[in-house]
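Can you build the whole structure from these sequences, using the hints too?
Residue numbers (the UniProt record's numbering), protein chains in the order written: chain A, 1 to 418; chain B, 1 to 418.
Source of the hints: derived by calculation from the structure; they are not laboratory data. Do not take every clue at face value.
Since the list gives no way to pick one copy over another, a pair counts as held whenever it fits inside one copy or between any two copies.
Stated by the list, open to error - Below 20 Å or equal to it, Euclidean Cα-Cα: the simulated EDC-like pairs (lysine to aspartate or glutamate) are: (1) Lys16 / Glu329; (2) Lys16 / Asp361; (3) Lys61 / Glu125; (4) Lys12 / Glu175; (5) Lys61 / Glu46; (6) Lys100 / Glu244; (7) Lys16 / Glu313; (8) Lys16 / Asp328.
There are 2 protein chains.
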Amino acid sequence: MDVRQYVVEKAKLAQKAARQLAAASTDVKNAALLAMAEALQQRSDEILRANAQDMEAGRQKGLSQALLDRLLLTEKRIADMAEGLRQVAALPDPVGEVVKMWTRPNGLQIGQMRVPLGVVGIIYEARPNVTVDAAALCLKTGNAVLLRGGSEAIHSNTAIARIISRAAREVGLPEGAIQLIEITGREAVNVMLRLNGYLDVLIPRGGAGLIRTVVENASVPVIETGVGNCHVYVDAEADLAMAEEIVINAKTQRPAVCNAMETLLVHREVAAEFLPGLAERLTELGVELRGCPVTRSLVPGIQPATEDDWATEFLDLILAIRVVDSLDEALEHIYLYGTKHSEAIVTSNYFTARRFLQEVDAAAVYVNASTRFTDGFQFGFGAEIGISTQKLHARGPMGLTELTTIKYIVYGEGQIRE
Amino acid sequence: MDVRQYVVEKAKLAQKAARQLAAASTDVKNAALLAMAEALQQRSDEILRANAQDMEAGRQKGLSQALLDRLLLTEKRIADMAEGLRQVAALPDPVGEVVKMWTRPNGLQIGQMRVPLGVVGIIYEARPNVTVDAAALCLKTGNAVLLRGGSEAIHSNTAIARIISRAAREVGLPEGAIQLIEITGREAVNVMLRLNGYLDVLIPRGGAGLIRTVVENASVPVIETGVGNCHVYVDAEADLAMAEEIVINAKTQRPAVCNAMETLLVHREVAAEFLPGLAERLTELGVELRGCPVTRSLVPGIQPATEDDWATEFLDLILAIRVVDSLDEALEHIYLYGTKHSEAIVTSNYFTARRFLQEVDAAAVYVNASTRFTDGFQFGFGAEIGISTQKLHARGPMGLTELTTIKYIVYGEGQIRE
Numbered sequence: 001m002d003v004r005q006y007v008v009e010k011a012k013l014a015q016k017a018a019r020q021l022a023a024a025s026t027d028v029k030n031a032a033l034l035a036m037a038e039a040l041q042q043r044s045d046e047i048l049r050a051n052a053q054d055m056e057a058g059r060q061k062g063l064s065q066a067l068l069d070r071l072l073l074t075e076k077r078i079a080d081m082a083e084g085l086r087q088v089a090a091l092p093d094p095v096g097e098v099v100k101m102w103t104r105p106n107g108l109q110i111g112q113m114r115v116p117l118g119v120v121g122i123i124y125e126a127r128p129n130v131t132v133d134a135a136a137l138c139l140k141t142g143n144a145v146l147l148r149g150g151s152e153a154i155h156s157n158t159a160i161a162r163i164i165s166r167a168a169r170e171v172g173l174p175e176g177a178i179q180l181i182e183i184t185g186r187e188a189v190n191v192m193l194r195l196n197g198y199l200d201v202l203i204p205r206g207g208a209g210l211i212r213t214v215v216e217n218a219s220v221p222v223i224e225t226g227v228g229n230c231h232v233y234v235d236a237e238a239d240l241a242m243a244e245e246i247v248i249n250a251k252t253q254r255p256a257v258c259n260a261m262e263t264l265l266v267h268r269e270v271a272a273e274f275l276p277g278l279a280e281r282l283t284e285l286g287v288e289l290r291g292c293p294v295t296r297s298l299v300p301g302i303q304p305a306t307e308d309d310w311a312t313e314f315l316d317l318i319l320a321i322r323v324v325d326s327l328d329e330a331l332e333h334i335y336l337y338g339t340k341h342s343e344a345i346v347t348s349n350y351f352t353a354r355r356f357l358q359e360v361d362a363a364a365v366y367v368n369a370s371t372r373f374t375d376g377f378q379f380g381f382g383a384e385i386g387i388s389t390q391k392l393h394a395r396g397p398m399g400l401t402e403l404t405t406i407k408y409i410v411y412g413e414g415q416i417r418e
Numbered sequence: 001m002d003v004r005q006y007v008v009e010k011a012k013l014a015q016k017a018a019r020q021l022a023a024a025s026t027d028v029k030n031a032a033l034l035a036m037a038e039a040l041q042q043r044s045d046e047i048l049r050a051n052a053q054d055m056e057a058g059r060q061k062g063l064s065q066a067l068l069d070r071l072l073l074t075e076k077r078i079a080d081m082a083e084g085l086r087q088v089a090a091l092p093d094p095v096g097e098v099v100k101m102w103t104r105p106n107g108l109q110i111g112q113m114r115v116p117l118g119v120v121g122i123i124y125e126a127r128p129n130v131t132v133d134a135a136a137l138c139l140k141t142g143n144a145v146l147l148r149g150g151s152e153a154i155h156s157n158t159a160i161a162r163i164i165s166r167a168a169r170e171v172g173l174p175e176g177a178i179q180l181i182e183i184t185g186r187e188a189v190n191v192m193l194r195l196n197g198y199l200d201v202l203i204p205r206g207g208a209g210l211i212r213t214v215v216e217n218a219s220v221p222v223i224e225t226g227v228g229n230c231h232v233y234v235d236a237e238a239d240l241a242m243a244e245e246i247v248i249n250a251k252t253q254r255p256a257v258c259n260a261m262e263t264l265l266v267h268r269e270v271a272a273e274f275l276p277g278l279a280e281r282l283t284e285l286g287v288e289l290r291g292c293p294v295t296r297s298l299v300p301g302i303q304p305a306t307e308d309d310w311a312t313e314f315l316d317l318i319l320a321i322r323v324v325d326s327l328d329e330a331l332e333h334i335y336l337y338g339t340k341h342s343e344a345i346v347t348s349n350y351f352t353a354r355r356f357l358q359e360v361d362a363a364a365v366y367v368n369a370s371t372r373f374t375d376g377f378q379f380g381f382g383a384e385i386g387i388s389t390q391k392l393h394a395r396g397p398m399g400l401t402e403l404t405t406i407k408y409i410v411y412g413e414g415q416i417r418e
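Here it is, written out as structure tokens:
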């Protein structure tokens, strides 16, 4: 098969669908989302059979238990995907919103109207639920979507994509609105990366390697998601009981995600009071601690933290701890090692809180709360397509609004330019 | 010289400056802009001497008269650049604006605050005034800027950049806030294109070739500017006197710019009444007409329009004309050949106007006005860094706001995630 031609044909179909989708009413789009939910549950047998093929192949390939867990689908997980579709249907549709409108001295009335991006490409890894989530968010915002999932999930993804795509067509949405690249291999990705003129944006979702590959090789505009080397800084004037709960939450509530804390910074004045008790609780929770020399003098027996540790997103029950002399030293550490994702301070001092909020450059900056809230649902967006770690277009959790662009609509009565 | 090392050193300096600039007050930034204006005028002799070198080299290289005109600086043009700086100083500063803020059920208060992008790279061609304009807009928005102008203007750009950079430093802005690549040759551009981690965005300003090169080869996020194959559609229910003024304005007021009209679409019902008189006026104004068969039957003696003509941005006194049978045919033509820049309809029919506004996918869609208004000043933004023809981050004229991103600021009282 000519892979390039295969991908381009899909992209052309998506582009054609995008033009119709842009004009689709919210009612029709919601009906499609509900029909997709219904179809997923009615045809769960098909999905589970396809998933069993992927699981078997995964076991034979020797995938890790963690990867197999991500790959696995159950009736419950399919019901969750369907529920996700119903939640997206219930969200407000941003398309058509006139964000603002003003009148120029010459009488021209100019407005910014939200419109779909067009065709969104999503390149993702093992979890088959991304197929449903991404399709739902794109469809709700009037975008066509070209999906390329991981080869481990190819059977599951193909079954899911065919079912939801057919359900969407049956309520009147165009063929091509939701499409999956149904072949495996790197070549299809390479073609997608350079499909300018067909794809309006690419969103990679997955590990650091995937994201790096996409960013470095795409000529299509990319929204970078993912990497989070996040910090909590416990200030000299922190409420230490509050700090302990925030630190434990930020590290252990779900350590494998990008908004989990990786390094704890503690002001020297409170280190002796704060660290030993905290270390005991963290150790009980299975967290491996790595400390700077001062930390190690206060918490005997833990490993030294290396330069690499400060720069590492562990995504695991590992925590690096550093005692700092001042807010400035904490800010400097975050500037040097942070990835501009989520950063938190625990302090009771108004001026310290204000400086931290102003001076830390990150997608989300917290005062007295856990970094774990950087998430579309937690922010109140209802759903998210990912968390942007770049500064263009979208930063932080991306909800439906971030899947739209604007166009200027201009009403005149014959105005010409002098 | 090691070009890569040279560019990276500049980028590092810019990054350091960006951190300080992000915290600079509007007062300080405005003082710098005014000092830059003052310095340009006080040291105009230096600039004119450097420009004379560029002009001489340009003549020897056989640059066209048009290019030499763009390159030329005069006392008047320097005064205009200084005036531009004063205008940017007078604009409101978007940095620090909290776009919105809301409170979650758990009490977390979440706000979106406008912050600078960081380091902006601008790659541009002949006009030395871009050096001043781009530096001013970036500085006002708290961004450091790394400029790379065309080799033809290297002496002019170097003189200008040194003067404004020194003026900015003298009022307390960091070294590195405004920097120019002072060497010529493609290699520096190639390095800039892949400076992820140093540059937050690249904005190419210039011809189609430059923009294509940047889009295809950059791994740094790019904002694409420029190409405009714009249409005016004169509907069956148009006010034909209004249509004639709009068409003449859109084609002839400044034909070399991206928002000028390149193809005129006319509904068959009014073509016989509209086209002959219009053609006469356009011909008198020096416009070369190229028509479809129906147009040629109504306006004898003009060249046939080819498939290529429909797809061409002439940037010149050339107009392609096509008679269409319906709004749908006009929409289809625009969809096929347009570049999603600026599109206009002339009509007195409410429903036709509404369909055109909804269905045309372009940065700016006009009803009863000239396409020539797609411009930062005309839209009321006060100044522009370019006109984005992509959908991510910015679309249409980019003012100060488009040179910022947001960060989420989150106020808590110890909230942790369940």
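Exercise for the section: Could you work out which earlier hints the structure fails to respect and list their numbers in ascending sequence? Expected result: 5, 6, 7
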